[in-house]
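> Read off the chains here:
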Amino acid sequence: MAERSAASRRSLTAVLVLVLSFLYIPIAVLVALSFNEGGLPTVWTGISVKWYGALFSNRDILSAAFNTLIVALISTTIATVLGTLLALGIETRRRKGRALEALVFAPMIIPDIVLAIALLSFFSLLKFPMGLHTIILSHVVFNLAFVSAVVRAKLKSFDWSVTEASADLGASAVTTFRRVTLPLIAPAVIAGALLAFTLSVDEFIIAFFTSGAGRSSTTLPMQIFAMIRFGVTPEINALATLVMVVSVTALALSQRINKGIVAP
Amino acid sequence: MSTLLSVDHVTKRFGAVTAVDAVSLDVKENEFFALLGPSGSGKTTVLRMLAGFEIPEEGRILLDGKDISRVPPNRRPVNLMFQSYALFPHMTVAGNIAYGLEVEGLPRPEITSRVGEIMEITELAPFARRKPDQLSGGQRQRVALARALVKRPRLLLLDEPLGALDKKLRAAMQLELKRLQHDVGITFVIVTHDQEEALVMADRVAILQDGRLVQCGTPHEVYEHPANRFTANFIGVMNFFDENGRTVAIRPERLRVFAEGTERRIEGTVIATAYHGLDLQLHVRTDLSSEPFVVRLTAEAADRRPVAEGDTIPIGWNTSDTRIFTD
Amino acid sequence: MPAEVVRVIPQKTRSTVLMVPALAWLTALMVVPCGLILALAFFRRGIYGGIEYTFTLENFALLLDPLYAGIFLTSARIAGLATLIAVVVGYAAAYAIAAAPRNRQPILLFFAILPFWSNYLIRTYAWIVLLNREGLITQGLRLLGYEGEPPSMLYTEGAVIVGLVYNYLPFVILACYAPLSRLNPELAEASSDLGASAFTTFRRVILPMTIPGIAAGAVFVFVLSIGNFITPALLGGGRFQMIGNLVYAQFLTANDWPFGAALSMALIAIMLGLLTLQAMVAEKTAGETREQSDG
Ligand SMILES: Nc1ncnc2c1ncn2[C@@H]1O[C@H](COP(=O)(O)OP(=O)(O)O)[C@@H](O)[C@H]1O
Ligand SMILES: [Mg+2]
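Residue numbers (the numbering used here), protein chains in the order written: chain A, 28 to 291; chain B, 38 to 364; chain C, 82 to 376.
Think of the hints as simulated: they come from the structure by calculation, not from any bench.
It cannot be assumed that every hint is accurate.
What the hints assert, rightly or not - Listed next, with one range per pair, are the computed distances between beta-carbon atoms:
no. : chain 1 : residue 1 : chain 2 : residue 2 : range
1   : C       : ALA277    : A       : GLU64     : 57 to 65 Å
2   : B       : ASP101    : A       : ASP186    : 46 to 54 Å
3   : C       : PRO232    : A       : ALA279    : 50 to 58 Å
4   : C       : GLY151    : A       : PHE49     : 54 to 62 Å
5   : C       : LYS365    : B       : GLY142    : 31 to 39 Å
6   : A       : ILE52     : C       : LYS365    : 52 to 60 Å
7   : C       : GLU238    : A       : PHE49     : 36 to 44 Å
8   : A       : LEU96     : C       : THR334    : 27 to 35 Å
9   : C       : ALA335    : A       : LEU96     : 48 to 56 Å
10  : A       : ILE52     : C       : LEU358    : 31 to 39 Å
The C-beta atom is built at its ideal place from N, Cα and C for all residues, glycine as well.
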């Protein structure tokens, strides 16, 4: 924007500082407390990683973490394949219907609670036993929508003439996909997968409703929810810090990859 | 020379638009054939049907006497050099060129030697390991050409191959392409909207207008005997005037200033002069037509009897040099 | 090579085949289940909590019961306040980012959005850490010499609103930044050149052109807030029921699925209504912008 007076520049900077402080102070406090030796929020007794150690001897947390990993890995894999194919299908159509757009957009905006109870009703009316597998089935729904959105964004600027060039040079449709299309959209596919993984690791409500009764299918967010209800503990602080590190790393990675080493 | 390619009453529609309308033409073995027409006349669509990316609704395409109109692109011994080049951005120059041979399943040593050979011919060897985005426009154009040529197709299709190059490079590449075609002995069908380019390069030219074939012939034939008013106007410069309900046309170089010894003679006023290097172009307003006549005068003639703007001069011609159009 | 006539699969068929697995998945696990709860909303609750398959509109009538209508109003008030605050703060932040030097904008935007990608529960929990009786804010006050009872900040409506604003602010910043960054700086210059004050320029030129971003951000915050169940549960301590909590209760404690389904449908209706409104705003602005560039 245009040049502005020193006063207005200062006030814009002040806005940024205030907003960023609002966004980061709560998180920073949480992270700091997770390293507080004494564990009390009131007194700082020195730096320690003992609360992280405690996490790794808590069997409930370990099993929840394991469940979350299973759910996230499997649902991300399925969603990446389906979402990428969907994106390719939509973007190679000459005309796009409004109904189709709405259908693939819906999983991203529908309130979690609605999808959660819809799936719960669906599985229970079918008498479908619930557990980790139903969480996986459910997570694929929104994960595939996000993967396809990321891949479609990439395909919008994709130069399809290279796939014709490949066919012209003698390649079959499968070879063209493997050697030309896929390498060129790979950054978007990987970014989409990382995004889906993050969403799945963090997702609470749908997992909560579709996990069935047993404790054996508790995921990490469900475990965190249960722990939070007991109040503030140094263990939750440590766990929260670890989960944030995982999500944010995956996201930063996804951003970086999709900026495109290969892309023009 | 025998016929390599026959396009037989081929029609292609996109919805309400008839992009190609009952076009028939033959291309001979080893010919340099040009498809010429203004933008939107259906040139690219013809080429895409030859390559296999579009299927004609009517008519047949015969290559070596066999109907290929429904054979998919990857099974045709035909290669296309894309207007946008369509180079694979994630592969090196050598990788781009080798691709077509790799998918054919040729043994590695043969691929290496053929790729090396074509890179020598097209002077790309120094850039073998570069990616397309590290090349200049002219170099990219050569990679696209080499990538198609290395397949040794029966027929090479080129869609506006020089369109993205600047004027000077274009002129050099026109001759270069012609030399290359001669050396490799492959039949070329080239698309262009530049009539001068078509006349310089091609053995024969087909002129398209609104999806229909208007005329097909050698550059000399289409220049000297245009089939209709459209062709006459599209190729080179032509003067038109109406006489006895007919349209009469004559080329600028057939008009003679001062009308010495010509059958027809009229008076006109010079309203503009323009230098074109070797010759001088005069715009002469006469009573015969609303548009001024374009008249060519050689530099030598201009030196002998100088002509200036505002002069009234006689111009003349012989009736054998005129063309009559009734459309 | 023999000239062979191979059956060419039309591009349209190929595209459709690629879409089938994903569309089948979405149909089976989103369209059908949502259709199911739409149907459920028209059935009666069984005596022992099951479903009695007789058609009724009772569940929708119950939405108008003062008790439930009250919860709708509370939810709408909380969501509305959260939306208002988030939009004002978010727009200001987006404006400040768009005004920063071009090369610094991506990194500022990245940091504004980053928190959005951490776990929602954890971001909400962070406010419990700050707001609880022995939390950091109380301690801060003590350091400043405050001696009385710790102020009750957690489990208030204010806490719920702060939590919602905190969680959705990054999205509003993103939504408002997009149109702001596309604004042609010459427009603002032209306006001030024509003698408009900075405030007039903002009100007459910048604000109208960035309304779609504001609308998108506002709809998002409002819809997700009114249907929220985590934030009221954790920061409201169950004292502030919002529609989300009500739905939760019908399915997991009260066992009145048909009424829960009707509540969900009401949520979806609110969402669709607001999205339509937003689309209209976007279209209108797009039309006006086009006229401006034509004229
Ligand atoms: N894929 C397509 N869909 C619809 N119309 C097309 C398509 N390809 C070409 N056309 C139309 O067919 C006509 C001929 O186009 P084209 O063959 O590209 O002409 P040229 O290459 O001579 O400029 C144009 O009117 C163009 O708009
Ligand atoms: Mg063309």
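> Taking the hints in turn, state whether each one holds.
Status of the hints after comparison with the structure:
1. The supplied range of 57 to 65 Å is met by ALA277 (chain C) and GLU64 (chain A), whose beta-carbon atoms lie about 59 Å from each other.
2. About 33 Å separates the C-beta atoms of ASP101 (chain B) and ASP186 (chain A), a value inconsistent with the hinted range of 46 to 54 Å.
3. Checked against the given bound of 50 to 58 Å, the beta carbons of PRO232 (chain C) and ALA279 (chain A), roughly 38 Å apart, lie outside it.
4. Taking the beta carbon of each, GLY151 (chain C) and PHE49 (chain A) are about 31 Å apart, not inside 54 to 62 Å as hinted.
5. Taken as a hint, the range 31 to 39 Å is violated for the pair LYS365 (chain C) and GLY142 (chain B), whose Cβ atoms sit roughly 58 Å apart.
6. Here the CB-CB span from ILE52 (chain A) to LYS365 (chain C) is close to 39 Å, at odds with the stated 52 to 60 Å.
7. Judged by the Cβ atoms, the range 36 to 44 Å given for GLU238 (chain C) and PHE49 (chain A) is violated: they are separated by roughly 19 Å.
8. Checked against the given bound of 27 to 35 Å, the beta carbons of LEU96 (chain A) and THR334 (chain C), roughly 31 Å apart, stay inside it.
9. As the Cβ distance of ALA335 (chain C) to LEU96 (chain A) is approximately 34 Å, the hint placing it in 48 to 56 Å is violated.
10. Against the hinted window of 31 to 39 Å, the Cβ-Cβ separation of ILE52 (chain A) and LEU358 (chain C) comes to about 35 Å, which satisfies the hint.
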